[in-house]
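**Student:** Sequence:
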Amino acid sequence: MSGDRFVGAPQQLGSSRALDPRQDLLRVRDLSVYIGRGGETAVMPLQGVDLDVHRGSRVGLVGESGSGKSLTAAAILGMLPARAETVTGSIRLLGEEIVGATERRLQRLRGSHVAIMFQNPKASLNPVLTVGGQIAEVIRVHEDVSRRESRQRAIDLLDQMGIPDAKRRAGDYVHQYSGGMAQRAALAMALSCRPDLLIADEPTSGLDATLQQQVLELVVEQVERRGASLLLITHDIGIVEQTCDQVAVLYAGRVMESGTAAAVLSSPANPYTRELLRAYRSVEPRRMNTIPGTVPALHGVLDACPFAERCPDAVPECSDRLPLLQERDDRRVACIRV
Numbered sequence: 000m001s002g003d004r005f006v007g008a009p010q011q012l013g014s015s016r017a018l019d020p021r022q023d024l025l026r027v028r029d030l031s032v033y034i035g036r037g038g039e040t041a042v043m044p045l046q047g048v049d050l051d052v053h054r055g056s057r058v059g060l061v062g063e064s065g066s067g068k069s070l071t072a073a074a075i076l077g078m079l080p081a082r083a084e085t086v087t088g089s090i091r092l093l094g095e096e097i098v099g100a101t102e103r104r105l106q107r108l109r110g111s112h113v114a115i116m117f118q119n120p121k122a123s124l125n126p127v128l129t130v131g132g133q134i135a136e137v138i139r140v141h142e143d144v145s146r147r148e149s150r151q152r153a154i155d156l157l158d159q160m161g162i163p164d165a166k167r168r169a170g171d172y173v174h175q176y177s178g179g180m181a182q183r184a185a186l187a188m189a190l191s192c193r194p195d196l197l198i199a200d201e202p203t204s205g206l207d208a209t210l211q212q213q214v215l216e217l218v219v220e221q222v223e224r225r226g227a228s229l230l231l232i233t234h235d236i237g238i239v240e241q242t243c244d245q246v247a248v249l250y251a252g253r254v255m256e257s258g259t260a261a262a263v264l265s266s267p268a269n270p271y272t273r274e275l276l277r278a279y280r281s282v283e284p285r286r287m288n289t290i291p292g293t294v295p296a297l298h299g300v301l302d303a304c305p306f307a308e309r310c311p312d313a314v315p316e317c318s319d320r321l322p323l324l325q326e327r328d329d330r331r332v333a334c335i336r337v
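Numbering that gives the first Met the number 0 puts the first residue of the sequence shown at 0, with every later residue one more than the last.
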C-alpha cells in the first residue's frame, strides 16, 4: 500500500537508540481499515484496534482465522493491499506517528526499525536470488556498506541462525533449503538490520512439532540477544503460552482482552478468550470443543458486541451497544458483563 492512502500528516522518526527506554515501542490506538469492493459496501476488517508493545516484551496477538491479525501487522508496516482505501486511528512507533507517512518513509522504517517474518518463507524469499544474496541486499538498502561486508554479514547471520556450513549454503537458492532452514533464513533476513520490533506472522506454520519448537526457541533467543521486542501472530494459544509475556485477543477486528499472558490465559475474563481456551484445551479423544458459528464479515460499523451471536453468556444488552476496552484489575476487557 502506498503511503498516501494513510490519513494524517507524516512526522520524522528519530533513532530508537536515543529514546527513553521506558517509552512504549509500539502504541496502536483506534486503528480502523476500510477496504473498497468496486462499488459494493466497503469491508471494514479492523475497527478500533488498541495494541501496545513495550520495549523488550514479547506480545502474542491471537485469534481465529479472519479476526484481522495479519491485517493488523500489515497496517503497522504500511503494507496493506491496494484496495485498502482508508486507514484511521494512530500507530506510534518509537514515539512517532506513522499514520500518514509517505511510502519512502515507510521503506526506511521497514528493516531498520520494524521487520516481519512471514509464515511461508519459501514464498516470501525470492526464488531467483541466492539466500545470502537477498540478505546482503537488504543490508545494503538500509546501511552504507560494501558488497563484501554485506555478504559476510549475511553469512554470519545464517551461521547464528543455525544454518550448517553457512558460507556454502549462502550461495544456495531457497528451493534447496528445507522448510526449517528456510524459516531460519527468513529470520536472518528479518533481523539483518537489527530492528527494534520483529513481527512474526505464524512463523511455525507448516512445520512439524520438533521444528516448531526449534524455530520458536530460536526466535526468542535472537530477539532477546538483540534487545528487540516481538509481536507474535498466531492462532495457537499453546505457542503464546510458551513464548509470550503479554497477549492480546483479537476477534472481528477488535481486541477483546489484553494483559499479561499468565493472567489472561489462566483466568480469562472475556467469554471469547474463555471459549478459545476451551477449544484449545479440549482433551476428549473423540470430541473437539469448538465455538459454534464463524467470525462475521464486517460490512459496516459495529454497533454491538461482534461475539454476541456466538457467545454462550450473551444477554439482550450485548446486542444494544459496542463494548469498549476497559481497565479491569490486571487487564483490559471489552465485555459489558465483566
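Keep in mind that the hints were calculated from the coordinates and are not lab data.
Accuracy of the hints is not assured; some may be wrong.
[Claimed, not checked] 16 Å max Cα-Cα, derived EDC-like pairs, lysine to aspartate or glutamate: (1) Lys166 - Glu148; (2) Lys121 - Asp49; (3) Lys166 - Asp155; (4) Lys121 - Glu201.
[As the list claims (entries may be wrong)] Label-pair restraints from in silico Cβ distances: (5) Val144 - Asp319: 52 to 62 Å; (6) Lys166 - Val140: 40 to 50 Å; (7) Glu240 - Gly35: 31 to 41 Å; (8) Gly292 - Tyr172: 23 to 33 Å; (9) Asn119 - Pro315: 16 to 26 Å; (10) Asp328 - Asp29: 22 to 32 Å; (11) Pro295 - Arg193: 39 to 49 Å; (12) Arg336 - Val127: 32 to 42 Å; (13) Gln325 - Arg193: 36 to 46 Å; (14) Gly292 - Arg146: 50 to 60 Å; (15) Tyr172 - Glu102: 23 to 33 Å.
Using N, Cα and C, we set each Cβ at its ideal position, and we do this for glycine too.
**Student:** Please work out if Lys121 and Asp49 have their alpha carbons no farther apart than 16 Å.
**Tutor:** Distance ~32 Å between Lys121 and Asp49 Cα, so the pair is violated.
**Student:** Within 31 to 41 Å: is that where the Cβ-Cβ distance between Glu240 and Gly35 falls?
**Tutor:** 39 Å Cβ-Cβ, so the 31 to 41 Å window holds.
**Student:** Could you see if the CB distance from Lys166 to Val140 stays within 40 to 50 Å?
**Tutor:** Once the Cβ atoms are compared, 22 Å apart, the range 40 to 50 Å for Val140 and Lys166 is violated.
**Student:** Given the hint of 23 to 33 Å, check if Gly292 and Tyr172 actually sit that far apart at their C-beta atoms.
**Tutor:** violated, 44 Å
**Student:** Would you check the hint for Lys166 and Asp155, treating anything up to 16 Å between C-alpha atoms as holding?
**Tutor:** holds, 8 Å
**Student:** For the pair Arg336 and Val127, does the Cβ-Cβ distance stay inside 32 to 42 Å?
**Tutor:** violated, 55 Å
**Student:** Could you check the hint for me, namely that Pro295 and Arg193 are 39 to 49 Å apart, CB to CB?
**Tutor:** Distance hint for Pro295, Arg193 holds at roughly 40 Å.
**Student:** Given the hinted pair Lys166 and Glu148, is their alpha-carbon gap at most 16 Å?
**Tutor:** holds, 13 Å
**Student:** Is the distance from the Cβ of Asp328 to the Cβ of Asp29 consistent with 22 to 32 Å?
**Tutor:** Cβ of Asp328 to Cβ of Asp29: about 23 Å, so the range 22 to 32 Å holds.
**Student:** Mind checking the hinted window 52 to 62 Å against the Cβ distance between Val144 and Asp319?
**Tutor:** Because 59 Å falls inside the window, the suggested range holds.
**Student:** Holds or violated: Lys121 with Glu201, Cα cutoff 16 Å?
**Tutor:** holds, 14 Å
**Student:** So does Asn119 sit 16 to 26 Å from Pro315, Cβ to Cβ?
**Tutor:** violated, 44 Å
Hints 2, 6, 8, 9, 12, counting from the list given before, are not met by this structure.
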